[in-house]
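Asks: Listed in order, the protein sequences are those of chains A and B. Per full-length UniProt numbering, the first sequence starts with residue 1, numbered consecutively. Per full-length UniProt numbering, the second sequence starts with residue 1, numbered consecutively.
Because the hints were derived from the structure by calculation, they are not lab data. The model shown is predicted, which means the values in this text are computed figures rather than measured ones. Where a beta carbon is used, it is the ideal one built from N, C-alpha and C, also for glycine. Be a bit skeptical, because a hint or two may be false.
[To be verified] Derived coverage of chain A by chain B (criterion: at least 3 residues anywhere in the stretch with Cβ under 8 Å from a Cβ of chain B; other residues may be distant):
#1 79-88
#2 342-350
[Unchecked claim] Covered stretches of chain A, as calculated for chain B (at least 3 residues, CB under 8 Å):
#3 28-34
#4 38-47
#5 116-126
#6 180-194
#7 326-335
#8 385-391
[As the list claims (entries may be wrong)] Below, a list of computed lysine to aspartate or glutamate pairs in the EDC-like style, where the Cα atoms sit at most 16 Å apart:
#9 A:189 <-> A:149
#10 A:383 <-> B:291
#11 A:342 <-> A:282
#12 B:50 <-> A:149
#13 B:385 <-> A:35
#14 B:39 <-> A:388
#15 A:187 <-> A:140
#16 A:5 <-> A:430
#17 B:391 <-> A:430
#18 A:189 <-> A:137
#19 A:383 <-> A:434
#20 B:120 <-> B:390
#21 B:27 <-> A:149
#22 A:36 <-> A:89
#23 A:36 <-> B:390
#24 A:389 <-> A:430
#25 A:389 <-> B:291
#26 A:239 <-> A:163
#27 A:363 <-> A:338
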Amino acid sequence: MADVKHLPAEYYRDFLSTVAKERKPSPIRSLYPLEKTPGVISLLAGKPNASTFPFTSLSFSARSPTDPTQESTLTIDGAELEAGLQYGDTAGFKPLMDWIFGLQEVFHGRRRGEGWRILMGLGAQDLIYKTVNAMVDPDDSVLVESPIDIIPIFHSLHCNQIEVETDAQGIRSSSLRSILEQWPTNKPKPKVLYTVPYGCNPTGASATLERRKEVLKLAREHNFIILEDDPYFYLYYGKEPRYPSYFALELEEPEVGRVLRFDTFSKILSAGMRLGFASGPETLLNAIDEHTAASNVQTPSLTQVIVYRLLDSWGYEGFKTHTEWVSEFYRQKRDVFESAMKKYLTGLAEWSTPEAGMFFWFKLLLGDNEGEGEGGDSETVIKTKAFEKGVLALPGTHFLPNGGATPYVRASFSLTGKEDVDRAVSRIREAILDARTENANRVKVNGNGAAR
Amino acid sequence: MADIHEVEHLPAEYYSDFISTAAKERKPSPIRNLLPLEKVPGVISLLAGKPNASTFPFTSLSFSARSPTDPTQESTLTIDGAELEAGLQYGDTAGFKPLLDWIFGLQDALHGRRRGEGWKVSMGGGSQDLIYKAVNVMVDPGDSVLVESPVYAGVIPIFHSLHCNLIEVETDAQGIRSSSLRSILEEWPADKPKPKVLYTVPYGCNPTGATATLERRKEVLKLAREHNFIILEDDPYFYLYYGKEPRYPSYFALELEEPEVGRVLRFDSLSKILSAGIRIGFASGPEALLEAIDEHTATSNLQTSSLTQAIVYKLLDSWTYEGFRTHTEMVSEFYRQKRDVFESAMRKYLTGLAEWSQPEAGLFFWFKLLLAENEGKGDSEITIKTKAFEKGVLALPGTHFLPNGGPTPYVRASFSLTGEEDVDRAVRRIREAILDVREVNGCGVKVSGERNGAACY
Numbered sequence: 001m002a003d004v005k006h007l008p009a010e011y012y013r014d015f016l017s018t019v020a021k022e023r024k025p026s027p028i029r030s031l032y033p034l035e036k037t038p039g040v041i042s043l044l045a046g047k048p049n050a051s052t053f054p055f056t057s058l059s060f061s062a063r064s065p066t067d068p069t070q071e072s073t074l075t076i077d078g079a080e081l082e083a084g085l086q087y088g089d090t091a092g093f094k095p096l097m098d099w100i101f102g103l104q105e106v107f108h109g110r111r112r113g114e115g116w117r118i119l120m121g122l123g124a125q126d127l128i129y130k131t132v133n134a135m136v137d138p139d140d141s142v143l144v145e146s147p148i149d150i151i152p153i154f155h156s157l158h159c160n161q162i163e164v165e166t167d168a169q170g171i172r173s174s175s176l177r178s179i180l181e182q183w184p185t186n187k188p189k190p191k192v193l194y195t196v197p198y199g200c201n202p203t204g205a206s207a208t209l210e211r212r213k214e215v216l217k218l219a220r221e222h223n224f225i226i227l228e229d230d231p232y233f234y235l236y237y238g239k240e241p242r243y244p245s246y247f248a249l250e251l252e253e254p255e256v257g258r259v260l261r262f263d264t265f266s267k268i269l270s271a272g273m274r275l276g277f278a279s280g281p282e283t284l285l286n287a288i289d290e291h292t293a294a295s296n297v298q299t300p301s302l303t304q305v306i307v308y309r310l311l312d313s314w315g316y317e318g319f320k321t322h323t324e325w326v327s328e329f330y331r332q333k334r335d336v337f338e339s340a341m342k343k344y345l346t347g348l349a350e351w352s353t354p355e356a357g358m359f360f361w362f363k364l365l366l367g368d369n370e371g372e373g374e375g376g377d378s379e380t381v382i383k384t385k386a387f388e389k390g391v392l393a394l395p396g397t398h399f400l401p402n403g404g405a406t407p408y409v410r411a412s413f414s415l416t417g418k419e420d421v422d423r424a425v426s427r428i429r430e431a432i433l434d435a436r437t438e439n440a441n442r443v444k445v446n447g448n449g450a451a452r
Numbered sequence: 001m002a003d004i005h006e007v008e009h010l011p012a013e014y015y016s017d018f019i020s021t022a023a024k025e026r027k028p029s030p031i032r033n034l035l036p037l038e039k040v041p042g043v044i045s046l047l048a049g050k051p052n053a054s055t056f057p058f059t060s061l062s063f064s065a066r067s068p069t070d071p072t073q074e075s076t077l078t079i080d081g082a083e084l085e086a087g088l089q090y091g092d093t094a095g096f097k098p099l100l101d102w103i104f105g106l107q108d109a110l111h112g113r114r115r116g117e118g119w120k121v122s123m124g125g126g127s128q129d130l131i132y133k134a135v136n137v138m139v140d141p142g143d144s145v146l147v148e149s150p151v152y153a154g155v156i157p158i159f160h161s162l163h164c165n166l167i168e169v170e171t172d173a174q175g176i177r178s179s180s181l182r183s184i185l186e187e188w189p190a191d192k193p194k195p196k197v198l199y200t201v202p203y204g205c206n207p208t209g210a211t212a213t214l215e216r217r218k219e220v221l222k223l224a225r226e227h228n229f230i231i232l233e234d235d236p237y238f239y240l241y242y243g244k245e246p247r248y249p250s251y252f253a254l255e256l257e258e259p260e261v262g263r264v265l266r267f268d269s270l271s272k273i274l275s276a277g278i279r280i281g282f283a284s285g286p287e288a289l290l291e292a293i294d295e296h297t298a299t300s301n302l303q304t305s306s307l308t309q310a311i312v313y314k315l316l317d318s319w320t321y322e323g324f325r326t327h328t329e330m331v332s333e334f335y336r337q338k339r340d341v342f343e344s345a346m347r348k349y350l351t352g353l354a355e356w357s358q359p360e361a362g363l364f365f366w367f368k369l370l371l372a373e374n375e376g377k378g379d380s381e382i383t384i385k386t387k388a389f390e391k392g393v394l395a396l397p398g399t400h401f402l403p404n405g406g407p408t409p410y411v412r413a414s415f416s417l418t419g420e421e422d423v424d425r426a427v428r429r430i431r432e433a434i435l436d437v438r439e440v441n442g443c444g445v446k447v448s449g450e451r452n453g454a455a456c457y
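Next up, chain A with everything else stripped away, as it sits in the complex (with noise of 0.2 Å):
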């Protein structure tokens, strides 16, 4: 079996921050790996005492994968519960990380020994923050595709967010190509890209296999990382088998190492428990570690063991059916969205059909933009008009990177059951019949002349 190449360690020098190159290793966690010198005895460590802690156990129940009207009770106790409770390593829970190494390899074909490492974080979004951070200087050009969920980051830093245009198979390689291949040659290139491959937020799009690919090669070719924000990847509920992931990908290339991959407890487990994990380079995820410890120091024990019982219990089959239940629970609900809107916004609204993930996003038609592309507003009908008639959507302009009018709006159908979403659709219908009766009138009392 070949041996996968990837990219040496001194690769990754040019995509280190300056804020991430100053951080030393602590001299004090250096010294803890004495700890196991057989016959040492250790005063190092400024941990408390494991039985002062009031917890004497934990259980808790979870319904069978298989079947959801059997439930499963597990215990931790002993040894596993004071790992729970104590501080622990940086990088996460040893045992959950393993297992997690295994699932990359389920999901994704990748093993250990590719030049790549997994951290644990507090849910997705606290590594992505931490991965810019160690990768990006103030003021640098990141590529992002919009519209997005707007990483508040790149604002922070005065980013300049090149934006890279999407459609319904998702990030548009021929854009991407264009914005690099007429990038001036008197400015740094951009290192990293930031894309949401299935699902997208907020546009719901899943990227074909044919753009990923392009992607890639575009990567190698214009020497960027590619952020893989992945939260929907076990939302997916298409026709289509699943396309691989960026991170499986990149096998078919000469080398790996240009894709760094961010995954999420977030849609399947809990929310609230903020669990996610990085997938990539060591490089990288040894800068992101790093910040971790001179910030909020780890991602909590407890949490992480809790995870890791209940996915030893599943097994990667358990986990595999679990998900696919998810996906079928919001292709569900998606199909009931969709038919409200078939009911409801045809001639007024058009959109694509959402393969992945929780959102709906559809241009409003007011009788303002019909034939002329994107134009069109529909901040001000949805915060006002529909917002009187009672329905709450996003506006898409807080999808843009850089401002902008756009006639799109994103819709949640995640938690809206049948009947409110036939109301809450009918109520958008109305919203956008009263504009489109406006905007009539506006065209008749202003003439031929200021028809758009």
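Please build the complex by placing chain B on the supplied structure of chain A, with the hints as guidance.
Replies: Okay, now just chain B, sitting in the frame of chain A:
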């Protein structure tokens, strides 16, 4: 309880000068601004990108905990239904409301601070998470900051990342030396912006173990007012006090005696009393500063785990403040005993070979090695890293706790984990390491009044 005296607090505008450029630039998410509209009667919301909690597999969670009043008794608490759903779903940035409410009550019970005094509470992933964010929202790159020295090593990287000018304030067995602080501020060059923050650990300081006396605290508060800086009161060992004196009030409590409150940003932690791995801490302080911290949270890790907050709330609510107090007294007593065991061994083996002050809180001994070196300030690093390690004991050279580095003859040893026999062995090995070095330097054990050679002490 009929305290009709209203507490004056500094106005919100006052903090404008204490908020960093990075914090000022952070805008609240427009999406979050829309969420309150969901409460409007009759409105159907398609706003929130929240997953549907019915897909979360957890159906209930229980835990057992020892009773504070009777450690042989355990009680079992269960989290299910709406409470579990709250624990499993996204929640408020600042924290799980029932827990925040409980903490407001705690701060009243222990520090006499009440709502309506211009302060609020925010949860964090441990107090260190909140300190990191507090510094980020208050300190600009290149700023001068006052830090007691030696200082908790964990905050040094936070200041280093911002290229801060770390102004070391001396400390001794009574804690921060307010006279040193006064000199620094009174001699501050007029053309240089004054430091806006002082970082201090007033109980069982890591690494020195020192606890600031009432007198020192009062002087520091006075200086904060005179020279216009905010006190970052990092207090993880507040509940691990076992001194003979009645407990000194926190800065957060003491500022009630000032003409107005609002100069203290206090950090509490549950790490040393309930669980270190659960990562729960909280900040109490001026609303403007905590709102800036909340904004940082919203743009970085979103929120402290709802689940761990729900677990902690359940436990604390079942204990009430009395039970909590009893528990922390038990914990303090535990560490007092461990301190006594360790100090016994120190007296037995290190008399004449080391000097130290007795800690009255926390987990650490900070002791000066008497190495009889011929020149220089004294340096424990090599002795500890080579000889002591060779003899089979690991301790921390004090240099790691100096904000600006440099040699020091001091060493930090933690007494929290080690049993009596291992303590005896460990301290004896330190003795042997010191003796070896002293021999090389030409001395034996110091005996009162005796001088073995010109450089011995």
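Asks: What are the numbers of the hints the structure violates, in ascending order?
Replies: Violated hints (numbers, rising): 2, 6, 9, 10, 11, 16, 17, 20, 25, 26; every other hint is consistent with the structure.
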